[in-house]
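Q: The lines below spell out each chain.
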Amino acid sequence: MKPKAVDFHLSQIYWRVWWRLAKLRFTEQIINTRFSGLFFIVGKITRLLFQVAFLYLLLRQVKLFAGYDFYQSLLILFLLNFLSSLIQMFFRGAYHFRFNLINGFFDFFLVTPLDELFYSLLSYFDPLDALLLPFSLGAVIWAWCRSGLAFNFANLFFFLFFLALALAFALAWHIVALALGLRFFVVDNFILLYRDLEKMVRFPLEIYSHFLRWLLTYVFSVAVLAPLPVAVLFGKRSPWPLLPILFFLAVFQLLLAWRFWRFSLRLYSSASS
Amino acid sequence: MKAFWFVFLTSLQNNFVYRANFFITHLRRLLAFLTPLFVWLSVFAHQTTVYHYSLNQLLTYIFGAMILQTLIFNSHTYELGSLINNGDLSLLLLKPISISLYFLSQDLADKALNAFMLLLEIGLLLLFIHLPFHLPSLGLVLVWFLPLFILASLLYFALGFLFGLVGFWSRDVWAPRFLFLVFLEFATGALFPLDMLPKTWQIWLPFTPFPYLLFYPLKLFLGQLERPFFYLAMAFFWLLVLALLDLFIWHRGMRRYEAEGR
Amino acid sequence: MTIIQAKHLSKVYQLHRKQPGLIPALKSLFVRRYDYVEAVQDLSLTVHRGEMVGFIGPNGAGKTTTLKMFSGLLYPTSGQVSVLGFDPWERRYQFLRQISLVMGQKNQLWWNLPVVESFLLFKEIYNLSESQYRRSLDFLVSTLDFASYLSVQVRKLSLGQRMKAELIASLLHQPKVLFLDEPTIGLDVVTQQKIRRFLSLYNQEFKATVILTSHYMEDVKVLANRLVIIDHGHLIYDGRLADLVKTHLPFKEISLDFLKPVRLHDLNIFSHLKIKEFQPSHAVIQTQRDQTASVAARLLKHLPVKDISIREPDLSEVVRLIFKPSSL
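Protein chains in written order, with the working numbering: chain A, 1 to 273; chain B, 1 to 262; chain C, 1 to 328.
In case anyone wonders, no lab produced these hints; they're calculated from the structure. All C-beta atoms in this analysis are idealised placements derived from N, C-alpha and C, irrespective of residue type, glycine included. Check the hints yourself; a few may be wrong.
[Unchecked claim] Derived coverage of chain A by chain C (criterion: at least 3 residues anywhere in the stretch with Cβ under 8 Å from a Cβ of chain C; other residues may be distant):
#1 211–219
#2 226–233
#3 262–268
[Said to hold, decoys possible] Below are the EDC-like pairs computed for lysine to aspartate or glutamate, each with C-alpha atoms no more than 16 Å apart in a straight line:
#4 LYS44/A <-> GLU198/A
#5 LYS221/C <-> GLU312/C
#6 LYS199/A <-> GLU185/B
#7 LYS246/C <-> GLU277/C
#8 LYS44/A <-> GLU185/B
#9 LYS106/C <-> ASP87/C
#10 LYS176/C <-> GLU277/C
#11 LYS306/C <-> ASP257/C
#12 LYS221/C <-> ASP238/C
#13 LYS276/C <-> ASP257/C
#14 LYS23/A <-> GLU277/C
#15 LYS156/C <-> GLU198/A
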């Protein structure tokens, strides 16, 4: 069992390897020019435009959407978009996992000295994804300004805190997805479930029933991606005791996910056997 | 005919093989239904009408949209792209069943299963939530709705097939399908009734294939579509156009496929 | 020095029993029936430094499963194993840094990039210094004659070249233990020989311990000085190759080429011997080991022999005898 707090020497190795992997993926893309990248970009922008149009359509008729005005709603949408892209960018390996299991590549992940979870999840960082990210962030900042939110220390602190929480919860979810993949050889549906949950939180949390709100905050925790931070930033939700609870929840979920992953590894039977 | 039946049964079985998969798929469907429901409930919290729709009418619409999506919006044609790329298409071509029939029979199995599960889910849901909706006359259903529904399903198939054909020219099949899914979500009326759009935009709607997949069949079922024959004809026209396009591109693609000796 | 110590290892797989038909499929939603496959049963083994051990056995015998338990891929259902003093399952960095796993026809190199890029990645992963890397790479590349392929994309290499590249990648960090799973499978004869020669050389040069599984008798003959036979998850033989032949096949074969055609009738005086092959110009006669010399002398005396050679029976005969019910 690898200790969670790796020593400095080892963490340096991980960093170097991750960086090299990113460079390799980038080189790979240059060598095999992928025009499909363009399709993706067009698709993502189109989708965002459609979503903005939908919000606009709604807010033409009503002044407030669950208590949020147009720019506040946009902020939720853009924040979700940004974080979703960020998460996908880092954890892209989850989409390749089933393939790696079937062709036996995962065995090599196990046998090479660095953690197999690291490889499975993080080794597919695509620098091309990183290109769009500044624009997503730009949209967030724009909506931030238009909604009248101040750029002070407190707000930035909340923003970063929720960002860290979001990454933590997403990581836990992806680890569980991979662990399920080890046992059942299906990963995709679980990840798609996560994406569906993400879609639910592009709107203010207040539209949902109490039960669903609770579910999306404390069980599936996707609400930390966008509606919760915006609610806190605009004073609609108090940060205390929400933030400490979420913090401990994140730690708990991560530990649980990690244990589940290690357990599933024991049941792993390997493709060629 | 036997081949068709065998594929139908095998496909039905494959759907059960992984339990987790099965349950998650249905959970996802449920979630997909909840989001628009709550969005609109929230919007109607302080208003009685939104774009000439009452809450009841809109809920009926959303509910109907979910049902139709389950029945129409899935097809095995999304496998076409990867079949082409990994060469398994050759194996399929060797079988005494045409590609379209292969996919169609699989789709039929899926739709049958989905319809069955849908009836169960709706039954269950109606026990907890009272959703107001009215059933149209039987005549309307048989004469107008059923043909339009079938056309819509075939249209979806043809579109899906079209995007799958990209596999002949590109190794990446996910990206075009992604774009397709984006349009499916917003341009077919799945998220909101398309007649909420500004009047100037609505003029262009019949001249795109997307509304025929969901919006017009749904409106027809709800008895809100005037001149149903026009839409039936247009749907048929679009089907013809796409089918021809599919055929043309298929042949082009096959030539390329065989040239590469796979 | 003991490198590998396995005690009563076993591995049991759970297989979901799939029955054909629609109703069973529906049932499988609620109740799953499992079959248990005992891939490895009560296997105990000790391997010392520098040994080259060959695991042979029919398909599904459990050799690959055993190998994977040694390298930490699979978690043993029961028993203990220790490699280089580590519990392989924990897969500590220090442990993995000293072993290597090569699987025939499976590639861990980056498909679309030049080979050397994958090597550089491994350099980072194994934390090799520039000089260590250079020395290792130069030795491996020159021994395997790979220099001209370094900047070729992996997908453009032939199977044999890919195998060589795979070997280089796995040996860059100079592992103390090398696990090879069917390393020569699918390769042409010439490449197989080259790889065998290389592995032999490597073992001698670096005193690395090598465990390999194979279907090919040649692999085992050339490479392994110790043979382990596994069948149905059990270890049924563990010893030297030569000993196996001596105990199970206590005979030798005398191969004769005749000056002029010989009739079967002429061999009547030798009818108490087993005649394995007969043609007018050539015959192969089997004889007990200790009688080889006398029988050979008699053959030379009574028959018009042009050429005579005495050889060991083929190893595959041995194995065939051992696996009488199940065949390789």
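Q: Indicate, hint by hint, whether the structure satisfies it.
A: Structure-based check of all given hints:
1. 211–219: violated (count 0)
2. 226–233: violated (count 0)
3. 262–268: Since three or more residues must qualify, the claim that chain C covers the stretch 262–268 of chain A holds, with 4 doing so at under 8 Å.
4. LYS44/A <-> GLU198/A: 15 Å, holds
5. LYS221/C <-> GLU312/C: Distance of about 12 Å is within 16 Å: holds.
6. LYS199/A <-> GLU185/B: Roughly 12 Å separates the two Cα atoms, so the pair holds.
7. LYS246/C <-> GLU277/C: 22 Å, violated
8. LYS44/A <-> GLU185/B: 13 Å, holds
9. LYS106/C <-> ASP87/C: At roughly 25 Å apart (the allowed maximum being 16 Å), ASP87/C and LYS106/C break the hint.
10. LYS176/C <-> GLU277/C: 46 Å, violated
11. LYS306/C <-> ASP257/C: The hint holds at about 5 Å.
12. LYS221/C <-> ASP238/C: 15 Å, holds
13. LYS276/C <-> ASP257/C: Judged against 16 Å, a Cα distance of about 14 Å means the pair holds.
14. LYS23/A <-> GLU277/C: Judged against 16 Å, a Cα distance of about 63 Å means the pair is violated.
15. LYS156/C <-> GLU198/A: 42 Å, violated
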